[in-house]
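Take the sequence shown: its position 95, counting from 1, is numbered 95 in the working numbering, and each next residue is one higher.
In case anyone wonders, no lab produced these hints; they're calculated from the structure. Treat the hints with care, since some could be wrong.
[Unchecked claim] Derived pair list, reagent style SDA-like, types lysine to any residue, alpha-carbon separation capped at 20 Å:
1) Lys15 / Pro4
2) Lys285 / Glu252
3) Lys308 / Ser318
4) Lys285 / His317
5) Lys332 / Gln296
6) Lys233 / Pro207
7) Lys250 / Asp209
8) Lys180 / Val160
9) Lys131 / Arg149
10) Lys310 / Asp244
11) Lys287 / Ala303
12) Lys2 / Ala22
[Stated by the list, open to error] Estimated spans, in silico, between C-beta atoms of each pair:
13) Val160 / Asp244: 47 to 55 Å
14) Ala169 / Glu234: 31 to 39 Å
15) Arg179 / Lys305: 21 to 29 Å
16) Arg231 / Leu153: 58 to 66 Å
17) Leu92 / Arg143: 53 to 61 Å
By construction, the Cβ of each residue, glycine as well, lies at the ideal position given by its N, Cα and C atoms.
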Amino acid sequence: MKCPSCSATIGALDKICPYCGAEVPTAPLSGTFAPPEQVPASGLTALSICDRIQEDLAALALKPPTSRARSFFVGLITPPTFGLAFIVSKALEVFGRQGESPNRLVLSIDENIRKGKTSYKNDSAVATSLKKFEAELAGYHVRRHSSHRAFWLGFAIGVVAIVGVLFAAGLSSRQSHHRKSENLQSTISLVQAGELSGAVAIVARLPEDERRELAERDSFARIAVDILDGRDKEALELSKGIPDLVARAKAENFIALRMLDRALQSADYAGALDAARWVTPEEEKAKAEDRVRASQATALISADKMDKAKEIMANIHSESTRSQLERLIESKLPNPKLNGF
Numbered sequence: 001m002k003c004p005s006c007s008a009t010i011g012a013l014d015k016i017c018p019y020c021g022a023e024v025p026t027a028p029l030s031g032t033f034a035p036p037e038q039v040p041a042s043g044l045t046a047l048s049i050c051d052r053i054q055e056d057l058a059a060l061a062l063k064p065p066t067s068r069a070r071s072f073f074v075g076l077i078t079p080p081t082f083g084l085a086f087i088v089s090k091a092l093e094v095f096g097r098q099g100e101s102p103n104r105l106v107l108s109i110d111e112n113i114r115k116g117k118t119s120y121k122n123d124s125a126v127a128t129s130l131k132k133f134e135a136e137l138a139g140y141h142v143r144r145h146s147s148h149r150a151f152w153l154g155f156a157i158g159v160v161a162i163v164g165v166l167f168a169a170g171l172s173s174r175q176s177h178h179r180k181s182e183n184l185q186s187t188i189s190l191v192q193a194g195e196l197s198g199a200v201a202i203v204a205r206l207p208e209d210e211r212r213e214l215a216e217r218d219s220f221a222r223i224a225v226d227i228l229d230g231r232d233k234e235a236l237e238l239s240k241g242i243p244d245l246v247a248r249a250k251a252e253n254f255i256a257l258r259m260l261d262r263a264l265q266s267a268d269y270a271g272a273l274d275a276a277r278w279v280t281p282e283e284e285k286a287k288a289e290d291r292v293r294a295s296q297a298t299a300l301i302s303a304d305k306m307d308k309a310k311e312i313m314a315n316i317h318s319e320s321t322r323s324q325l326e327r328l329i330e331s332k333l334p335n336p337k338l339n340g341f
């Protein structure tokens, strides 16, 4: 490059001619201000090109790539928010930005570096400056690439987490369905076999909602639920649907004896006798009735109502039970040998 004042050969990046001391213009050259051999193909001087690159690099430094931590977090929450987190992040970057975008600055720097290499490829000073600019730009690309990798790492982990949650939910649902089916089948099998104590034990372990679902799905399962909830009469009515006669009688005995126990606890002797009438065979029915009458007679004896107690005792089938009650009455009566003392 030649000095426009003294025509001495000077460096492309010299701002002052070392020979005549004239100031070298940094503005784009044209044929009006310089001879044709000094006008590069780009129409820009080396100083102008380098100044523009430096300005763009300074502006780019004020707009660094998103930090790896933030990119990772945005990527992590992008899948569960269906992309909303990514959109919001980008919107914040756009609305908070002033001047040219980083992508435009990068394109401008690349273009000017290319112009400098083309126009001043034989100038070592220009080549050195351009290499420095390329290194700075490469550092920016490395940081941006690192930010992108952090985003996609977070995104991948977010996707894996969602898939894991969905898989776990599906597995839990299948296990729950399998467990419910097992409970239903076990309850039905026990009820149909007349083993109501086992069926009630299964139902008692279930949460309230599963218990209700079980009762709605099958009438045999409902028998166990009704027994557990104290609806013995409803359970007794449903037990008529048990196909096996032996199993049905066994189930009816179980329900009737529960009804009998509950009636005795509340001193409802009429209800207890009514429940005893469902017991089979006849000898077991007689034992159940004796149990009710013995309980009623004991209560009357304790209340010193001996005549009424004896009326109840007359209907008791078991002689040993009557004998025990008679001895209880005798223990309550005054001893005539002690009169006068």
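Now the hints, each set against the structure:
Distance check on the hinted pair: Lys15 and Pro4 sit about 12 Å apart at the alpha-carbon level, within 20 Å; holds. Our distance criterion of 20 Å between C-alpha atoms is met by Lys285 and Glu252, whose separation comes to about 12 Å. For the suggested pair Lys308 and Ser318, the alpha carbons sit about 18 Å apart, so the restraint of at most 20 Å is met. Our distance criterion of 20 Å between C-alpha atoms is met by Lys285 and His317, whose separation comes to about 11 Å.
A hinted pair counts as satisfied when its Cα atoms are at most 20 Å apart, and Lys332 with Gln296 qualifies at roughly 16 Å. At roughly 23 Å between alpha-carbon atoms, Lys233 and Pro207 are farther apart than 20 Å, so this suggested pair is violated. Distance restraint check for Lys250 and Asp209: the Cα-Cα separation of roughly 29 Å exceeds the 20 Å cut-off, and the hinted pair is therefore not satisfied. Annotation: proposed proximity of Lys180 to Val160 is violated, straight-line Cα distance about 30 Å (limit 20 Å).
With a CA separation close to 26 Å, the supplied pair Lys131 and Arg149 exceeds the 20 Å bound. Between Lys310 and Asp244 the CA atoms are separated by roughly 41 Å; this puts the pair beyond 20 Å, and the hint is violated. Distance hint between Lys287 and Ala303 is unfulfilled; the C-alpha atoms sit about 24 Å from each other, more than 20 Å. A hinted pair counts as satisfied when its Cα atoms are at most 20 Å apart, and Lys2 with Ala22 qualifies at roughly 12 Å.
In this structure the hint that Val160 and Asp244 lie 47 to 55 Å apart at CB holds, the actual value being about 54 Å. Take Ala169 and Glu234: their Cβ atoms lie about 37 Å apart, and the range 31 to 39 Å holds. With their beta carbons about 55 Å apart, Arg179 and Lys305 fall outside the hinted range of 21 to 29 Å. For Arg231 and Leu153, the hinted distance range of 58 to 66 Å is satisfied, since their beta carbons lie about 59 Å from each other.
At roughly 19 Å, the beta-carbon separation of Leu92 and Arg143 lies outside the given 53 to 61 Å, and the hint is violated.
Checked against the numbered hints listed earlier, the structure breaks hints 6, 7, 8, 9, 10, 11, 15 and 17; every other hint is satisfied.
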